[in-house]
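The hints should help you fit chain B onto chain A, whose structure is shown.
Protein chains: 2
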Amino acid sequence: MDQPVFRLAVADDLDAIVGLLADDAIGSQRETINPKAKRSYETAFEAIQKDPRNSLHVVVIRGRVAGCLQLTFMPCLSNRGGDRAILESVRIASELRGQGIGRRFVRYAVDLAREAGCVQVQLTTDKRRVDAQRFYATLGFTRSHEGFKLMLGPDDRHT
Amino acid sequence: MDQPVFRLAVADDLDAIVGLLADDAIGSQRETINPKAKRSYETAFEAIQKDPRNSLHVVVIRGRVAGCLQLTFMPCLSNRGGDRAILESVRIASELRGQGIGRRFVRYAVDLAREAGCVQVQLTTDKRRVDAQRFYATLGFTRSHEGFKLMLGPDDRHT
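So the protein sequences, as listed, match chains A and B.
According to this note's numbering, the first sequence is numbered sequentially starting from -8.
According to this note's numbering, the second sequence is numbered sequentially starting from -8.
Looking at chain A on its own, in the form it has when it is part of the complex:
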């Protein structure tokens, strides 16, 4: 297999990244490659690029974007004031799974977090992603927490 290259995402990668997010049993319910939605993805991409604590990364194989992830550094008081890293939106193209690319990609991100001085890396994965749960366990992650989400709409103020 050609060696994968891990690097920061650039603007030209955006269509491929959104394609990866949409090409997914769960993600396809909420993502779209509709051109009308493109501006909102571009806005988010620019916000991530401007924020020194946020970064998007891709894995490139034979010149093609084959995976993506977001890395967020979060200053925190708990754990004696140690920064933590959050891994988000980790995706590998479906036809390239099972070849160890995701494993090397996550290790690349964990190394970035360590080099930045983070004391821990955390992530959540949908309970339906059983393969992902096994994958993170084999990388040494501990399934210690329950992950809760609350979707917000403009009309559901509750106070």
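These are calculated hints, taken from the structure and not from any lab test.
Computed from a prediction, not measured in an experiment: that's the story for all the values here.
The beta carbon of each residue, even a glycine, is placed where N, CA and C say it ideally should be.
It is possible that some hints are incorrect.
[As the list claims (entries may be wrong)] Sample of chain A residues lacking proximity to chain B, with all beta carbon distances greater than 10 Å (derived):
# : residue
1 : Ser31
2 : Glu33
3 : Asp42
4 : Gly54
5 : Arg55
6 : Gln90
7 : Met142
[To be verified] DEER-style ranges, computed between Cβ atoms:
#  : chain 1 : residue 1 : chain 2 : residue 2 : range
8  : A       : Thr129    : B       : Arg30     : 11 to 21 Å
9  : B       : Lys27     : A       : Thr23     : 15 to 25 Å
10 : B       : Ser135    : A       : Thr34     : 52 to 62 Å
11 : B       : Val121    : A       : Met142    : 17 to 27 Å
12 : A       : Gly89     : B       : Leu(-1)   : 39 to 49 Å
13 : B       : Gln40     : A       : Met142    : 21 to 31 Å
Then chain B, alone, in the frame of chain A:
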């Protein structure tokens, strides 16, 4: 009961916040009110205050800090580029639990997230915190994700 006041934390609240983090069955294993550790908490506090996407909040009752939480806004590509909010280190003083203070405090934070344009609020809570899990479910949060953590040490590079 005197009305709780919800507000941004200031530097003078820091000792009380660290006290809340340490006064906890799980937190007491990792937090310390040892004066030598104070500088690392102060550094984290300053980093949070300087970051426009991070903020610490307290609930004050009769002039006393009775609870704390951290709110982080995270620009994200998924969910069509909508920002999400992360709730972290939510604590209410043990002797003041069960009075609805935490419920109002979390709703205050959710309202801040909504006003900032976030499309969702997410959090993780230790699987051992059964009361917390029930609490977030009654606030409308869905327990949809598994939360994984990897602690980082300086000597455990794996690539």
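Okay, the hints, checked on the actual structure:
{"no.": "1", "hint": "Ser31", "verdict": "4 Å, violated"}
{"no.": "2", "hint": "Glu33", "verdict": "8 Å, violated"}
{"no.": "3", "hint": "Asp42", "verdict": "6 Å, violated"}
{"no.": "4", "hint": "Gly54", "verdict": "22 Å, holds"}
{"no.": "5", "hint": "Arg55", "verdict": "18 Å, holds"}
{"no.": "6", "hint": "Gln90", "verdict": "17 Å, holds"}
{"no.": "7", "hint": "Met142", "verdict": "5 Å, violated"}
{"no.": "8", "hint": "Thr129(A) x Arg30(B): 11 to 21 Å", "verdict": "37 Å, violated"}
{"no.": "9", "hint": "Lys27(B) x Thr23(A): 15 to 25 Å", "verdict": "52 Å, violated"}
{"no.": "10", "hint": "Ser135(B) x Thr34(A): 52 to 62 Å", "verdict": "26 Å, violated"}
{"no.": "11", "hint": "Val121(B) x Met142(A): 17 to 27 Å", "verdict": "24 Å, holds"}
{"no.": "12", "hint": "Gly89(A) x Leu(-1)(B): 39 to 49 Å", "verdict": "48 Å, holds"}
{"no.": "13", "hint": "Gln40(B) x Met142(A): 21 to 31 Å", "verdict": "29 Å, holds"}
Comparing the model with each numbered hint stated earlier shows that hints 1, 2, 3, 7, 8, 9, 10 do not hold.
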